[in-house]
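Student: Sequence:
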Amino acid sequence: MNPNDQAPLLLETSLPLLGIAAWSGTGKTTLLEALLPRLSERGLRVAVIKHAHHTFDVDQPGKDSHRLRQAGAAPMLVASHARLAMMMETPGQQEPDLAQLVALVATQRPDLVLVEGFKAWPLPKLELYRAALGKPLRVAEDLWVRAVASDEPLALPAGVETLDLNNIAALSDWIAAWPARWAQERKPRSEADRLSSP
Numbered sequence: 087m088n089p090n091d092q093a094p095l096l097l098e099t100s101l102p103l104l105g106i107a108a109w110s111g112t113g114k115t116t117l118l119e120a121l122l123p124r125l126s127e128r129g130l131r132v133a134v135i136k137h138a139h140h141t142f143d144v145d146q147p148g149k150d151s152h153r154l155r156q157a158g159a160a161p162m163l164v165a166s167h168a169r170l171a172m173m174m175e176t177p178g179q180q181e182p183d184l185a186q187l188v189a190l191v192a193t194q195r196p197d198l199v200l201v202e203g204f205k206a207w208p209l210p211k212l213e214l215y216r217a218a219l220g221k222p223l224r225v226a227e228d229l230w231v232r233a234v235a236s237d238e239p240l241a242l243p244a245g246v247e248t249l250d251l252n253n254i255a256a257l258s259d260w261i262a263a264w265p266a267r268w269a270q271e272r273k274p275r276s277e278a279d280r281l282s283s284p
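For the sequence shown, counting from 1, position 114 maps to 200 in the working numbering; every step adds exactly one.
Just so you know, the hints here were simulated from the structure itself, not pulled from any lab data.
Each residue gets a CB set at the ideal place from its N, CA and C atoms; glycine is no exception.
Mixed in with the good hints there might be a few duds.
Derived Cβ-Cβ restraints for the label pairs, each shown as a range [said to hold, decoys possible]:
(1) 253 / 166: 35 to 43 Å
(2) 166 / 269: 35 to 43 Å
(3) 177 / 149: 37 to 45 Å
(4) 252 / 222: 17 to 25 Å
(5) 226 / 150: 45 to 53 Å
(6) 189 / 239: 22 to 30 Å
(7) 239 / 166: 43 to 51 Å
(8) 136 / 254: 45 to 53 Å
Here are the simulated lysine-lysine pairs, DSS-like style, with alpha carbons at most 30 Å apart [stated by the list, open to error]:
(9) 273 / 221
(10) 221 / 205
(11) 114 / 136
(12) 273 / 149
(13) 205 / 136
(14) 273 / 114
(15) 114 / 205
(16) 221 / 136
(17) 149 / 136
(18) 136 / 273
(19) 205 / 273
Produce the complete structure using the sequences and hints provided.
Tutor: Right, dumping it as structure tokens:
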């Protein structure tokens with residue numbers, strides 16, 4: 087399903103969103119594992135929405151919650167003193183609806199939502215790039231890419247920041263500053279930026 091066919095992302099919202107876009111094998115999850123504790127140390131509550139490209143289940147067959155979900159509970163929410171989990175079947179959806187997922191995490195009042203995957207959705211993105219993978223950069227085609235973190239120097243379009251993929255401290259600084267920049271950054275680069283691409 088094309089994201090344009092779904093509910094639009096309300097980028098005028100005060101909740102800052104930042105997509106993390108990269109080819110498989112770039113190390114998105116490893117990087118987020120390194121960044122999240124640093125962002126937390128700065129007092130930021132960061133929610134993460136991750137796109138899964140396959141069927142997955144966080145529930146165990148035979149458990150009460152699994153049995154009730156299979157019986158039709160929509161959604162099924164399980165909670166203890168330590169955590170909660172919500173599970174819901176989404177039949178008929180070819181792809182998850184990012185706008186709906188953002189609305190769900192917004193109720194928890196995070197300072198920032200990092201969105202891993204959902205590369206076709208119109209939201210500001212940080213592209214991670216490793217030349218050794220032999221894949222093309224997305225920045226030239228995607229006017230929503232605001233910065234590229236790479237492990238080697240790159241020629242980038244006007245209006246796109248360059249970051250060092252291996253400098254976790256600098257990446258933490260850049261992402262930590264994103265909520266303050268959100269009001270100015272919640273739109274794509276201009277078409278002129280695409281035309282001036284190297």
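Student: Each hint should be assessed against the structure and marked as holding or not.
Tutor: Each hint tested on the structure:
1. 253 / 166: 35 to 43 Å: 39 Å, holds
2. 166 / 269: 35 to 43 Å: 38 Å, holds
3. 177 / 149: 37 to 45 Å: 21 Å, violated
4. 252 / 222: 17 to 25 Å: 21 Å, holds
5. 226 / 150: 45 to 53 Å: 51 Å, holds
6. 189 / 239: 22 to 30 Å: 39 Å, violated
7. 239 / 166: 43 to 51 Å: Holds, at about 49 Å.
8. 136 / 254: 45 to 53 Å: 20 Å, violated
9. 273 / 221: 26 Å, holds
10. 221 / 205: This hinted pair holds, its Cα atoms lying about 15 Å apart.
11. 114 / 136: Given pair residue 114, residue 136 holds - Cα atoms ~10 Å apart, limit 30 Å.
12. 273 / 149: This hinted pair is violated, its Cα atoms lying about 45 Å apart.
13. 205 / 136: Given pair residue 205, residue 136 holds - Cα atoms ~11 Å apart, limit 30 Å.
14. 273 / 114: 23 Å, holds
15. 114 / 205: 13 Å, holds
16. 221 / 136: 21 Å, holds
17. 149 / 136: This hinted pair holds, its Cα atoms lying about 25 Å apart.
18. 136 / 273: It holds: about 22 Å lies between the C-alpha atoms, which stays within 30 Å.
19. 205 / 273: 15 Å, holds
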